[in-house]
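Input sequences plus hints: build the corresponding full structure.
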Amino acid sequence: MPIVTFLNSDGSAHNVDAPAGSSLMEAAVDNLIPGILAECGGACACATCHCYVDEQWLGKVAVAGEEENQLLSAVLDQRSNSRLSCQINLSEELDGLVVHLPESQY
Amino acid sequence: MQTEAHYQGAPILDVDPFSTEFLTDPYPFHEQLREAGPVVWIPKYKVWAMARYEEVRHVLDDWETFCSSAGGGLSNFNQEKPWRPPSIILEADPPMHNRTRGVLAPLLNRAALNKLREGFDEKAKLLVDSALARQEVDGVKDIAEVFPLQVFPDAVGLQKEGRENLLPYANMAFNAFGPRNELFEEAFKEAEKVTDWIMNQCRREALSEDGFGAQIYAAADAGEISEQEAGMLVRSLLTAGLDTTMYGITSALYSFASFPEQWSLIRENPALLRPAFEEVVRFQSPVQTFFRTTTCKTQVAGVPIDADQKVLLFLGAANRDPRRWEAPDTFDVRRRAVGHVGFGHGIHVCVGQMVARLEAESVLTELVKRVERIELNGEPVRRLNNTLRGLSSLPLKLYAAD
Chain R
1 MPIVTFLNSD GSAHNVDAPA GSSLMEAAVD NLIPGILAEC GGACACATCH
51 CYVDEQWLGK VAVAGEEENQ LLSAVLDQRS NSRLSCQINL SEELDGLVVH
101 LPESQY
Chain F
107 MQTEAHYQGA PILDVDPFST EFLTDPYPFH EQLREAGPVV WIPKYKVWAM
157 ARYEEVRHVL DDWETFCSSA GGGLSNFNQE KPWRPPSIIL EADPPMHNRT
207 RGVLAPLLNR AALNKLREGF DEKAKLLVDS ALARQEVDGV KDIAEVFPLQ
257 VFPDAVGLQK EGRENLLPYA NMAFNAFGPR NELFEEAFKE AEKVTDWIMN
307 QCRREALSED GFGAQIYAAA DAGEISEQEA GMLVRSLLTA GLDTTMYGIT
357 SALYSFASFP EQWSLIRENP ALLRPAFEEV VRFQSPVQTF FRTTTCKTQV
407 AGVPIDADQK VLLFLGAANR DPRRWEAPDT FDVRRRAVGH VGFGHGIHVC
457 VGQMVARLEA ESVLTELVKR VERIELNGEP VRRLNNTLRG LSSLPLKLYA
507 AD
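Residue numbers (this note's numbering), protein chains in the order written: chain R, 1 to 106; chain F, 107 to 508.
Calculated directly from the structure, the hints in this document are not laboratory data. Don't take each hint at face value.
[What the hints assert, rightly or not] Pair ranges (Cβ atoms, derived):
| hint | chain 1 | residue 1 | chain 2 | residue 2 | range |
| --- | --- | --- | --- | --- | --- |
| 1 | R | A64 | F | N204 | 34 to 42 Å |
| 2 | F | P200 | R | S80 | 41 to 49 Å |
| 3 | F | L232 | R | A64 | 36 to 44 Å |
| 4 | F | L232 | R | S80 | 36 to 44 Å |
| 5 | F | A324 | R | L76 | 27 to 35 Å |
| 6 | F | N204 | R | S104 | 41 to 49 Å |
| 7 | R | L76 | F | G408 | 42 to 50 Å |
| 8 | R | W57 | F | E330 | 47 to 55 Å |
| 9 | F | K187 | R | D17 | 47 to 55 Å |
| 10 | R | A20 | F | D168 | 34 to 42 Å |
| 11 | F | S370 | R | E103 | 22 to 30 Å |
[Unchecked claim] Some, not all, of what chain R presents toward chain F, calculated at C-beta under 10 Å:
| hint | residue |
| --- | --- |
| 12 | V29 |
| 13 | A43 |
| 14 | A45 |
| 15 | E66 |
| 16 | Y106 |
Just so we're clear, the structure is a prediction, and the values are computed from it rather than from any experiment. Ideal Cβ positions, reconstructed from N, Cα and C, are used throughout, including at glycine.
This is how it looks when you write it as C-alpha cells:
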C-alpha cells in the first residue's frame, strides 16, 4: 500500500497507509486528517479537499482535468501546485507522496 | 410488526415504510430494520431493504449492479409505465448519465455558484431583518419556504408568474417515489395543471438569458445534448432543486431550536457553521429513501438477490447507524459528519448539493450573526411525504443578539 504524508500548515506531519485505487481525499478522510473536509464526498463539486502537491511529486501525479481547474480557481490561496485531493488516484507509483495542506479550506 | 421468518436467507419484516405511522416517527422502525440484518425483505412491497451504512454505501457505489434507469422509486420501469417520462439524469445509467450529468455538474459546483453568493446573502439579510422585526415567526412559512423561492427560480431563470406551481410539482415527484397511497393520490390532485406549467417553463423561450436554464440550452447549442434533453434537464432542476432545500433549511432551524446549546457553539465559533449543516443533513436526513433495481443476479452480505428486483435504501437510517456513527442519535455540530449519505453517494450523488449548502449557509450565517437564541414557540407540525421528511409549520421565537 502506498504511504502518503500529509503536512499541515502548522508543520505537523501525518503518515497514512492508503490502499492503491483509493483517492488521496479518501486516504485523508479515512484517517481523520484534519484540514481535508471533502464536503461533497468526492464529486468534484465543493473544493474543500484542496492540497498542494510537493514539488518533487508534481511530475508523477496525473494533471488536473477541466472541472478540477474550474474549482481550483475558487480555493483560497491557489498556487501552481494546487490540487483537489479527491481527483488524485493513489497507486504504487505514488508510494511516498508528500502533500501540504492549506491553512483553511474556505 | 415482528421478525417472523426468512426469505432467501434474509429476515422478513412486515413493515410499511410509507405508512403514516412509519413516516411520522421513522426512528424505531429504522432501528428495527438495521438490527434485523444487513438485508431485509419487505413483503408488502416485495422489495429488498437495506438500512445499515455499509450496505447502503455499497449499493450506491455499485451502479452497474444496482441501476437507476428502472426508476429511483418503488415503481419498476421495466414492468410499469412511469408517471412521467423518466429523468435523463436521476433515472439514467452511464453512458447517458455521464453526458447529462456532465452538463449540470459544472454549472452547480462551488466555483460556478460563487457569482450567486452576494445575491443570496443580500436576500438572507432582508429575510432576517423581517423575521427579527416580528420576533415570532413560522420557521417553515416565513423562512425555509421563502428563501429558496426568492433565490432559486431566479437562478434558474424562470418567469415570475406561476412559481407557486413549483411546490406542488416537487411534492408530486417525491411522493411518486413511493407507492400509490393516500399521500400520492393527494399530491396528484392537480397534476395536469401543475405539470403543464412546469413543462412550459422548461422551454428555451420561457427562460431568462443568464440563468442555469440558459446555460443548459447553451450545452445543447454546443452539441453536448439535444434540444429536447436540455428541456428535460431544466425539468430535473425544477423537480429536485427547490423542495429539498426548503426541507434542508427547515431541518436546520428545527435542530437549532431543539438543541439551543448547539446554536451557542456556532455563535461562539462561526467556523462551525458549515460542518454544522452537514450534521443537520446527517441527523435529519431530509431525503429519507431512494430505490435502485438489480440488473443481474447478485449477493449482498451473503443474501442472494435476483435480477430485476427493487432495492429500498434507507439513507436516514444509514445516517444514524451506530456501526458507523458514535452516539448517532445525538445532534453534535462538532462531529465530523462528512461521509453521511444525506445527499446520496456515488455517481448519482445530488448534483445540486452545493446549491443546497450555499442557501443554508447564507441564511444561517445571517442568523448566527444576529440571533442569540432560537426557541420553539409551539408544537411543530409534521408534513408527510413518501420520500422527504420535513415540517409544514415550525413556530419559533427569535431572540436578537445585542
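Structure-based check of all given hints:
1. A64/R with N204/F: 34 to 42 Å: The hint (34 to 42 Å, Cβ to Cβ) is violated, given that A64/R and N204/F are roughly 19 Å apart.
2. P200/F with S80/R: 41 to 49 Å: 33 Å, violated
3. L232/F with A64/R: 36 to 44 Å: Holds, at about 39 Å.
4. L232/F with S80/R: 36 to 44 Å: 41 Å, holds
5. A324/F with L76/R: 27 to 35 Å: Once the Cβ atoms are compared, 29 Å apart, the range 27 to 35 Å for L76/R and A324/F holds.
6. N204/F with S104/R: 41 to 49 Å: 33 Å, violated
7. L76/R with G408/F: 42 to 50 Å: With a Cβ separation near 47 Å, L76/R and G408/F satisfy 42 to 50 Å, so the hint holds.
8. W57/R with E330/F: 47 to 55 Å: 34 Å, violated
9. K187/F with D17/R: 47 to 55 Å: 51 Å, holds
10. A20/R with D168/F: 34 to 42 Å: 20 Å, violated
11. S370/F with E103/R: 22 to 30 Å: Roughly 26 Å apart at Cβ, these two residues keep to the hinted range, so it holds.
12. V29: 7 Å, holds
13. A43: Check passed: Cβ of A43/R comes within 5 Å of chain F, closer than 10 Å.
14. A45: 4 Å, holds
15. E66: 8 Å, holds
16. Y106: 7 Å, holds
Going down the numbered hints, you'll see the structure goes against 1, 2, 6, 8, 10, while the others check out.
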